[in-house]
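Please arrange chain B on chain A, whose structure you already have, making use of the hints.
2 protein chains.
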Amino acid sequence: MTERSNPIMSCNHHLLLKIFLSLLGAALAICFIQLGALDFMKTLIESGYSGTSHHAIFVKPKLGPILSTNRSSCFSNGIFTRPSISEKLLKDIMKRRAEEYRQHQLRMGANLNRLIIAPANSPLQYPITGFTVSPMQKSLIPGLALQAQKGEAYKVSLSVNKGVLSVEDLLDGDQVEGQGRSNLTISSSNLTQLNDLLSRVTYTSTIYHIKTSDLFHFTFEDHEVMFPITIRRQTIPVLYDPGNDVNSQVTIVTKTFLRYEELNVLIKSIRMFYPRIKIIIADDSLKPEPITEKNIEHYIMPPTQGWFAGRNLAISQVTTKYFLWVDDDFVFLNGTRIESFVEIMEAVPELDILGGAVSGNQFYFKLKYEEGDEEEGGCLTRVKKEFHQPLPNFEDCILVDGVVNYFLGRTDAVRRVGFDPFLKRVGHSEFFMDGLGQLLVASCKGLSIGHQKHRPHGKYAYFRTQKKADGKRKVYHHFFKNYLKYLQF
Amino acid sequence: MTERSNPIMSCNHHLLLKIFLSLLGAALAICFIQLGALDFMKTLIESGYSGTSHHAIFVKPKLGPILSTNRSSCFSNGIFTRPSISEKLLKDIMKRRAEEYRQHQLRMGANLNRLIIAPANSPLQYPITGFTVSPMQKSLIPGLALQAQKGEAYKVSLSVNKGVLSVEDLLDGDQVEGQGRSNLTISSSNLTQLNDLLSRVTYTSTIYHIKTSDLFHFTFEDHEVMFPITIRRQTIPVLYDPGNDVNSQVTIVTKTFLRYEELNVLIKSIRMFYPRIKIIIADDSLKPEPITEKNIEHYIMPPTQGWFAGRNLAISQVTTKYFLWVDDDFVFLNGTRIESFVEIMEAVPELDILGGAVSGNQFYFKLKYEEGDEEEGGCLTRVKKEFHQPLPNFEDCILVDGVVNYFLGRTDAVRRVGFDPFLKRVGHSEFFMDGLGQLLVASCKGLSIGHQKHRPHGKYAYFRTQKKADGKRKVYHHFFKNYLKYLQF
Chain A
1 MTERSNPIMS
11 CNHHLLLKIF
21 LSLLGAALAI
31 CFIQLGALDF
41 MKTLIESGYS
51 GTSHHAIFVK
61 PKLGPILSTN
71 RSSCFSNGIF
81 TRPSISEKLL
91 KDIMKRRAEE
101 YRQHQLRMGA
111 NLNRLIIAPA
121 NSPLQYPITG
131 FTVSPMQKSL
141 IPGLALQAQK
151 GEAYKVSLSV
161 NKGVLSVEDL
171 LDGDQVEGQG
181 RSNLTISSSN
191 LTQLNDLLSR
201 VTYTSTIYHI
211 KTSDLFHFTF
221 EDHEVMFPIT
231 IRRQTIPVLY
241 DPGNDVNSQV
251 TIVTKTFLRY
261 EELNVLIKSI
271 RMFYPRIKII
281 IADDSLKPEP
291 ITEKNIEHYI
301 MPPTQGWFAG
311 RNLAISQVTT
321 KYFLWVDDDF
331 VFLNGTRIES
341 FVEIMEAVPE
351 LDILGGAVSG
361 NQFYFKLKYE
371 EGDEEEGGCL
381 TRVKKEFHQP
391 LPNFEDCILV
401 DGVVNYFLGR
411 TDAVRRVGFD
421 PFLKRVGHSE
431 FFMDGLGQLL
441 VASCKGLSIG
451 HQKHRPHGKY
461 AYFRTQKKAD
471 GKRKVYHHFF
481 KNYLKYLQF
Chain B
1 MTERSNPIMS
11 CNHHLLLKIF
21 LSLLGAALAI
31 CFIQLGALDF
41 MKTLIESGYS
51 GTSHHAIFVK
61 PKLGPILSTN
71 RSSCFSNGIF
81 TRPSISEKLL
91 KDIMKRRAEE
101 YRQHQLRMGA
111 NLNRLIIAPA
121 NSPLQYPITG
131 FTVSPMQKSL
141 IPGLALQAQK
151 GEAYKVSLSV
161 NKGVLSVEDL
171 LDGDQVEGQG
181 RSNLTISSSN
191 LTQLNDLLSR
201 VTYTSTIYHI
211 KTSDLFHFTF
221 EDHEVMFPIT
231 IRRQTIPVLY
241 DPGNDVNSQV
251 TIVTKTFLRY
261 EELNVLIKSI
271 RMFYPRIKII
281 IADDSLKPEP
291 ITEKNIEHYI
301 MPPTQGWFAG
311 RNLAISQVTT
321 KYFLWVDDDF
331 VFLNGTRIES
341 FVEIMEAVPE
351 LDILGGAVSG
361 NQFYFKLKYE
371 EGDEEEGGCL
381 TRVKKEFHQP
391 LPNFEDCILV
401 DGVVNYFLGR
411 TDAVRRVGFD
421 PFLKRVGHSE
431 FFMDGLGQLL
441 VASCKGLSIG
451 HQKHRPHGKY
461 AYFRTQKKAD
471 GKRKVYHHFF
481 KNYLKYLQF
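The listed protein sequences correspond, in order, to chains A and B.
The first sequence runs 1 to 489 under the working numbering.
The second sequence runs 1 to 489 under the working numbering.
Hints are computed from structural coordinates only; laboratory data are not their basis.
Take the hints with a grain of salt, since some may be wrong.
Computed cross-link-like contacts, EDC-like style, restricted to lysine to aspartate or glutamate with a CA-CA straight-line distance of at most 16 Å [claimed, not checked]:
id : chain 1 : residue 1 : chain 2 : residue 2
1  : B       : 95        : A       : 339
2  : B       : 91        : A       : 241
3  : A       : 424       : B       : 297
4  : A       : 278       : A       : 374
5  : B       : 278       : B       : 261
6  : A       : 150       : A       : 221
7  : A       : 91        : B       : 241
8  : A       : 95        : B       : 174
9  : B       : 211       : A       : 339
10 : B       : 95        : A       : 346
11 : A       : 211       : B       : 350
12 : A       : 95        : B       : 241
13 : B       : 424       : A       : 297
Here chain A stands alone, though its shape is the one from the complex (with noise of 0.2 Å):
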């Protein structure tokens, strides 16, 4: 690496000349950018500039557990959700829910994603992005170097915060003070054997945590710079092994309650095109029936426990990479191929969710957020019918926010989102808020199933329907779960 950065190997005549006539300027320039250039990087590092904000400049920080105060508040013709209480039950609920805010915040990492400007004319070169560390293991730090003009002797100073800095072989003579310690010094009057120290340096974290960073400053004479350290414990692959056919590709997964005749419907359907597939139910029925064929993994859940509990339970009982989600009132038709929604997915591994279209009905939705002032919460609006582009190489598919019921999901992906098993009754969008961000989902015409005539159950439809106290208890969740001021759907 000093063989590389050395100076004497590459110098460009036209360059030098130019440079020649502009002498006094050059000069000039350097000593003025250097201050002008490093109080600026200071200001915009000490206002944790956010970077997305159109006006953002002197943003005040967003350190993860600080919440920020900059935020302006949103607004739609949704529904309020702060709760009409009193103020008192009011205050200790918002007290509440800042706190769970903070915490999330925390956990998110915000306060790890701070803005750093490089100064101009900085004789220092570093790596600004990218260097990546296991806790407490010592790691070999890239691209350090100091290449400034002649002089009788060259200091450079290292530190940084959560961790310790030292130069690897050591010789006698070698002028580094604060070997092993969170400050370094490196001097020599050979710019060649400053570079050859600083390449042999490197960090060791102190600190324990599997998702943090470090800041590193890096300074000569009046210059400083700045880079963020990744401490990042390393991970083990979780894999599926996709097998060879369909049967181990994907299991279908349903969640039924009183409605066995569209159930028997729906699995005889499957069983024509697919004999062999497995198929989950979660079952919340008041009198459950048992279901004992092959293949069929059956699930009696408390009575009436809801919707979403179902839909969480059938998903944690999946072994294979893929999920087909069905309601218990569809049925396969001639047209309905599993094997399309896998394909897509294997040519798009970034792809989470894959929804098809029931009896011809493509519902698909987008979700615009603002996530509002700090103490008021944010706004979310669901519009349908519009999508965000096409997918790339599939002409009859676009990406999305949301599809409908009948869909191929990513097992361990959509797990990680999950169905809140709080929705006890109607619930659909609310799944693919929680995973608004973490959950790539695309749309396709043409992968159909069919639905089954309605027939009438008294009893369902009783408890199918929302009552006035469910309808509360669920904006107020949405109120607190995910800080919200206002809904639209």
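Frame of chain A, contents of chain B only:
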């Protein structure tokens, strides 16, 4: 911004003098270094240097979808996981496994974290890290500036790959080429005007993705710098209302099989101390017996569905922020205080799992994992009674990788990892393997629960004991799922 970076505002005569004395040297240095550094930076970028190894300077690229070929194989005295089957069968399996691993790396964003080195003495100022945008939304790029020596004219080029660039509020006469395209050229005879234009440059991604990144190229004359743009779809908070007491914060979850006698002892002991806390029971007994007490949810699984399937079912039904895992043959003692777990978790929001001790046995371990060679896979060793370091501010607690079967878990975090339903009979550390790097785990002295005296159950023992075939299947499972070559418990 142009104000702050205006050279005239902050000159330092001491430094100015120093630089005059070494004008020639400076001039030479500048030109040498610009080119040297540029070459060096390019080399490192092309080499996609990972920054985590000691001799990584010339490492080949690690672009997610392409398996890099520089990792060295690992060894341990543990079980060699590769199945001893016909070459042909093995070849098919290895091919499947490699493909799943490729997809895994791609999904983990292995291609989004490449190392970039900032060259020394570049006149360009730019955000090195922390610049994050929402997909397909226009964002102002912070900190762009040129700070060059005086000249007749200045011209900078900007380019990106996954989006378009433009200058806001463009006026007639502004020399901007490529407005709204992925390559932008800005020229001016006035440095302040150029920097004013640079301060208004916006980026808009043209591809929709929830989690990806772009690379920004910024050049002036022979100088080139690059920085990453993080493209991230916003997520909606998912919070749990902790309410005001332990009953609204914690659910007790367990899995039972045939041992109703033990289960009833456990339940009675819980009710002595926590009369109202919710208990969730997953039951895969051969002849399930009804359990219909208040605040108990009893889930009936297909017979002998298995240990981890039951655990995964149980946590899928939790609606509180935390759950307490207990085995069906534990017993609550006078000293068993769930509140103590909660206090520590609330004080350290980044903790995901907090383990206690079962009849005085505070079981915990560390996992040593080597990624190993790309084709062969990794090596994993479990080391009992080792920990990373004490949990700051809690002298009786240590940070570890795995704990005993008695722990408080953060519901959302544990669900993200989950209990692999494949593991039917034997399984404990497997959950912590899957959670490595994803769950921050601690173990504390003094958080104790009792273990009931062992009662003989012929049938239970028969099912509980792992058959030879099961053992083989399990080893193969780790071979494929965890991409392991050696596994040592």
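These are the hints, each one checked on the structure:
Between residue 95 (chain B) and residue 339 (chain A) the alpha-carbon distance is near 20 Å, which puts this suggested pair outside the 16 Å criterion. Between residue 91 (chain B) and residue 241 (chain A) the CA atoms are separated by roughly 14 Å; this keeps the pair inside 16 Å, and the hint holds. A distance of roughly 15 Å separates the Cα atoms of residue 424 (chain A) and residue 297 (chain B); the hinted pair therefore holds under the 16 Å criterion. Straight-line distance between C-alpha atoms of residue 278 (chain A) and residue 374 (chain A) comes to about 46 Å, which puts the hinted pair past the 16 Å bound.
Among the hinted pairs, residue 278 (chain B) with residue 261 (chain B) is inconsistent with the structure: their alpha-carbon atoms are about 20 Å apart, more than 16 Å. For the hint pairing residue 150 (chain A) with residue 221 (chain A), the CA-to-CA distance comes to about 14 Å; that is within 16 Å, so the pair holds. Between the alpha carbons of residue 91 (chain A) and residue 241 (chain B) the distance comes to roughly 14 Å, so the proposed pair stays at or under 16 Å and holds. The suggested pairing of residue 95 (chain A) with residue 174 (chain B) is violated, with an alpha-carbon distance near 51 Å, which exceeds 16 Å.
Among the hinted pairs, residue 211 (chain B) with residue 339 (chain A) is inconsistent with the structure: their alpha-carbon atoms are about 27 Å apart, more than 16 Å. Restraint check: the Cα-Cα separation between residue 95 (chain B) and residue 346 (chain A) comes to about 15 Å, which is no more than 16 Å; the hinted pair holds. With a CA separation close to 10 Å, the supplied pair residue 211 (chain A) and residue 350 (chain B) stays within the 16 Å bound. Taking the CA atoms of residue 95 (chain A) and residue 241 (chain B), the gap is near 11 Å; set against the 16 Å cutoff, the hint holds.
Simply put, residue 424 (chain B) and residue 297 (chain A) have alpha-carbon atoms about 15 Å apart, close enough for the 16 Å limit, and the pair holds.
In terms of the numbered hints stated before, the structure departs from hints 1, 4, 5, 8, 9, listed from lowest to highest.
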